[in-house]
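*Asks:* The residues making up each chain are set out below.
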Amino acid sequence: MEAYLYGSYAVALIAIIGYQVFVQARIKSLSAKVDVMHGHGPRGGSTP
Amino acid sequence: MASALQWLSAALLIAGMSWGLFFAPTEQNMGEIYRALYVHVPSALTAFLVSFVLLGVSIWGLIKKSPASAYYGKALAEAGFIYTCLALATGSIWGRATWGVWWTWDARLTTTLILGIQYAGFLALYDAYEDINKRITACAVMGILIAINVPIVYKSVTWWRTLHQPPSLMRPGGSTMSPEIMTPLFFCLFAFIFAALVNCYQRYRSLALENTLDDYREEHLAA
Numbered sequence: 001m002e003a004y005l006y007g008s009y010a011v012a013l014i015a016i017i018g019y020q021v022f023v024q025a026r027i028k029s030l031s032a033k034v035d036v037m038h039g040h041g042p043r044g045g046s047t048p
Numbered sequence: 001m002a003s004a005l006q007w008l009s010a011a012l013l014i015a016g017m018s019w020g021l022f023f024a025p026t027e028q029n030m031g032e033i034y035r036a037l038y039v040h041v042p043s044a045l046t047a048f049l050v051s052f053v054l055l056g057v058s059i060w061g062l063i064k065k066s067p068a069s070a071y072y073g074k075a076l077a078e079a080g081f082i083y084t085c086l087a088l089a090t091g092s093i094w095g096r097a098t099w100g101v102w103w104t105w106d107a108r109l110t111t112t113l114i115l116g117i118q119y120a121g122f123l124a125l126y127d128a129y130e131d132i133n134k135r136i137t138a139c140a141v142m143g144i145l146i147a148i149n150v151p152i153v154y155k156s157v158t159w160w161r162t163l164h165q166p167p168s169l170m171r172p173g174g175s176t177m178s179p180e181i182m183t184p185l186f187f188c189l190f191a192f193i194f195a196a197l198v199n200c201y202q203r204y205r206s207l208a209l210e211n212t213l214d215d216y217r218e219e220h221l222a223a
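Residue numbers (this note's numbering), protein chains in the order written: chain G, 1 to 48; chain Z, 1 to 223.
Treat the hints as calculated values from the structure; they're not laboratory data.
Glycine is no exception: its CB is placed at the ideal position from the N, C-alpha and C atoms.
Some hints here could point you the wrong way.
Partial list, derived from the structure: chain G residues whose beta carbon lies under 8 Å from chain Z [to be verified]:
{"hint": "1", "residue": "Y4"}
{"hint": "2", "residue": "I14"}
{"hint": "3", "residue": "L30"}
Okay, derived cross-link-like pairs now, DSS-like style, lysine-lysine, Cα gap no bigger than 30 Å in a straight line [said to hold, decoys possible]:
{"hint": "4", "chain 1": "Z", "residue 1": "K155", "chain 2": "G", "residue 2": "K33"}
{"hint": "5", "chain 1": "Z", "residue 1": "K65", "chain 2": "Z", "residue 2": "K134"}
{"hint": "6", "chain 1": "G", "residue 1": "K33", "chain 2": "Z", "residue 2": "K134"}
{"hint": "7", "chain 1": "Z", "residue 1": "K134", "chain 2": "Z", "residue 2": "K64"}
{"hint": "8", "chain 1": "Z", "residue 1": "K155", "chain 2": "G", "residue 2": "K28"}
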C-alpha cells in the first residue's frame, strides 16, 4: 500500500508542476508569435 | 516575476509534500497510509476555494460581459478540474486502504465526482461557443452551479450517512488533530492554494495572448 501512497504523491506533483510547465511553454510560444506579429522578432532569438 | 512565483510555488509544493511524506509523525490508528491526507485534503480544499473565486468571476462576467472574465473563468475551471481529479484519485487510494474498495457511490465521493464533471462541463462550454457574449453567459451560469454544489459536497458527510469520515479540520469544538500532524497539513494547503493562484494568473495571460493572435489573424483575413 505504501507504493500507492508514493504513487499518489508522484501523480499530484506531476499534475501540478506539469500543468505549470505547459502554461509557461504556452506563454513563451505565444509571446514569440505576438512579437513576430508586431514586427519585433522573437525575444531572445534571431528572426527566422 | 511570474516565472519566479512559479518556481517558488514548485519549491513550496516539494517542501510541503516532503514534510508530510517523510517528517510528519505516523498516525497511531491508520499507520502510514494516513499520509495521503497531505495531498488529498489540500487538493479538495483548493478545488473548493477555486469554485468560490470562480463564482465571483462568473458574477463579474454576467454584469460586465468582459472577455477577461471568460479567460479567468477558464483558467480557474482548469485548476478546479485538476485539483478535483487529484482529490478523487488520492481519496480512492486512501479508500482502498481503509475501506477495502477503490470506489463506492458514497455521498461525498458522488458529489465530488459531480463537481469534477461540472468543471469539465465549464471547459466544454467555453469551447462550444464562438460568440464571446454567449460564451461568457453560458460559462457564468455553470460557474454559479459549481459554487452551489461545493457546500453540498462539504456538508454531504453530515447530511447523509456516508463511509467518508466527518470534517476533521473545520468541525464544531475545533480539530482533534495533533499540532505535529496539522502544521504540515496547513503548509501543504498553503502551497496548493499558492500554486493554483499562480497557475491561474499565468493561464489567464496565455489565454489573453491567444485572443490577441486570433484578433490579428481575423483582421488580416478580412483585409
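*Asks:* The structure should be examined with respect to each hint, and the outcome stated for every one.
*Replies:* Verification of the supplied hints:
1. A cut of 8 Å between beta carbons decides the hint on G/Y4: the least distance to chain Z is about 5 Å, and the hint holds.
2. Evaluation of the G/I14 hint against chain Z yields a violated restraint, the C-beta minimum of about 10 Å exceeding 8 Å.
3. Annotation: interface hint on G/L30 holds; nearest CB of chain Z at approximately 4 Å, less than 8 Å.
4. Annotation: proposed proximity of Z/K155 to G/K33 is violated, straight-line Cα distance about 47 Å (limit 30 Å).
5. Among the hinted pairs, Z/K65 with Z/K134 is consistent with the structure: their alpha-carbon atoms are about 10 Å apart, no more than 30 Å.
6. This hinted pair checks out: G/K33 and Z/K134 have alpha carbons roughly 28 Å apart, not beyond 30 Å.
7. The hinted pair formed by Z/K134 and Z/K64 meets the criterion: a straight-line CA distance of about 13 Å does not exceed 30 Å.
8. For the proposed pair Z/K155 and G/K28, the alpha carbon gap of about 42 Å is over 30 Å, so the pair is violated.
Of the hints listed earlier, those the structure fails to meet are numbers 2, 4 and 8, in rising order.
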